[in-house]
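Asker: Required output: the full structure, derived from the provided sequences and hints.
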Amino acid sequence: MDALNRANEIRTKRAQLKRDLKAGRAAIHELLMEPPSYIETAKVFDLLLAVPKYGRVKANKVLTQCRISPSKTIGGLSQRQRGELVALLRR
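Under our numbering, the first residue of the sequence shown carries the number 8, and numbering increases by one thereafter.
In case anyone wonders, no lab produced these hints; they're calculated from the structure. A portion of the hints provided could be inaccurate.
Now the in silico label distances, taken between C-beta atoms and shown as ranges [unchecked claim]:
#1 Ala34 / Gly83: 30 to 36 Å
#2 Arg74 / Met8: 39 to 45 Å
#3 Arg13 / Ala94: 31 to 37 Å
#4 Asn12 / Asn67: 33 to 39 Å
#5 Ser85 / Asp9: 31 to 37 Å
#6 Gln23 / Leu95: 22 to 28 Å
#7 Arg98 / Asn15: 34 to 40 Å
Dumping the calculated DSS-like pairs for lysine-lysine here, alpha-carbon to alpha-carbon at most 30 Å [what the hints assert, rightly or not]:
#8 Lys68 / Lys20
#9 Lys20 / Lys65
#10 Lys20 / Lys60
#11 Lys29 / Lys50
#12 Lys79 / Lys60
#13 Lys60 / Lys25
#14 Lys68 / Lys79
#15 Lys79 / Lys29
#16 Lys65 / Lys25
#17 Lys50 / Lys25
#18 Lys20 / Lys50
#19 Lys50 / Lys79
#20 Lys25 / Lys79
#21 Lys65 / Lys79
#22 Lys50 / Lys60
#23 Lys65 / Lys29
#24 Lys50 / Lys68
#25 Lys65 / Lys50
Cβ atoms here follow ideal geometry from the backbone N, Cα and C, with glycine treated the same way.
Answerer: Okay, here's the thing in structure tokens:
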């Protein structure tokens with residue numbers, strides 16, 4: 008029961024974060040450089056989809072350009088991948 012409550016809390020926080028990204032209240036590059044613990048297991052692709060002006064095609068293009076698998080999690084990114092992704096998103 009404790010694990011279920013924790014999972015629900017994480018899902019709620021992620022949903023709020025995605026709404027904040029969509030509204031422009033949160034910056035994706037800040038989240039990628041210092042991710043909170045609750046998004047460590049979230050997929051990079053899913054987070055990119057929450058950013059305004061990024062759809063499936065553009066998100067895939069960015070991930071391919073940075074040599075990142077669409078199934079990669081935020082916590083699983085290397086420093087090189089993080090750096091390339093943030094540099095590309097800041098353009």
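Asker: It remains to establish, for every hint, whether it holds in the given structure.
Answerer: Results for each hint:
For the pair Ala34 and Gly83, the beta carbons lie near 21 Å from each other, so the given range of 30 to 36 Å is not met. Between Arg74 and Met8 the Cβ separation comes to about 41 Å, which falls inside the hinted range of 39 to 45 Å. Checked against the given bound of 31 to 37 Å, the beta carbons of Arg13 and Ala94, roughly 34 Å apart, stay inside it. For Asn12 and Asn67, the hinted distance range of 33 to 39 Å is satisfied, since their beta carbons lie about 35 Å from each other.
Between Ser85 and Asp9 the beta carbons are some 32 Å apart, a value that agrees with the proposed interval 31 to 37 Å. Our hint of 22 to 28 Å for Gln23 and Leu95 holds, since their Cβ atoms are close to 25 Å apart. At roughly 36 Å, the beta carbons of Arg98 and Asn15 sit within the given window of 34 to 40 Å. Among the hinted pairs, Lys68 with Lys20 is consistent with the structure: their alpha-carbon atoms are about 27 Å apart, no more than 30 Å.
Among the hinted pairs, Lys20 with Lys65 is consistent with the structure: their alpha-carbon atoms are about 25 Å apart, no more than 30 Å. Taking the CA atoms of Lys20 and Lys60, the gap is near 22 Å; set against the 30 Å cutoff, the hint holds. With a C-alpha separation of about 16 Å, the suggested pairing of Lys29 with Lys50 holds against the 30 Å cut-off. Between Lys79 and Lys60, the direct Cα distance comes to roughly 21 Å. Compliance with the 30 Å bound is thereby established for this hinted pair.
For the hint pairing Lys60 with Lys25, the CA-to-CA distance comes to about 14 Å; that is within 30 Å, so the pair holds. Of the supplied pair hints, the one linking Lys68 and Lys79 holds, its CA atoms being roughly 15 Å apart against a limit of 30 Å. Restraint check for Lys79 and Lys29: satisfied, since their Cα atoms lie roughly 21 Å apart, inside the 30 Å limit. Between the alpha carbons of Lys65 and Lys25 the distance comes to roughly 17 Å, so the proposed pair stays at or under 30 Å and holds.
At roughly 12 Å between alpha-carbon atoms, Lys50 and Lys25 fall within 30 Å of each other, so this suggested pair holds. Only pairs whose Cα atoms come within 30 Å are accepted, and Lys20 paired with Lys50 is accepted, the gap being roughly 15 Å. Simply put, Lys50 and Lys79 have alpha-carbon atoms about 6 Å apart, close enough for the 30 Å limit, and the pair holds. The hinted pair formed by Lys25 and Lys79 meets the criterion: a straight-line CA distance of about 18 Å does not exceed 30 Å.
Taking the CA atoms of Lys65 and Lys79, the gap is near 16 Å; set against the 30 Å cutoff, the hint holds. Distance hint between Lys50 and Lys60 is fulfilled; the C-alpha atoms sit about 18 Å from each other, no more than 30 Å. About 16 Å separates the Cα atoms of Lys65 and Lys29, which keeps this hinted pair within 30 Å; it holds. This hinted pair checks out: Lys50 and Lys68 have alpha carbons roughly 15 Å apart, not beyond 30 Å.
About 16 Å separates the Cα atoms of Lys65 and Lys50, which keeps this hinted pair within 30 Å; it holds.
In summary, the structure is inconsistent with hint 1 from the numbered list given earlier, while agreeing with all the others.
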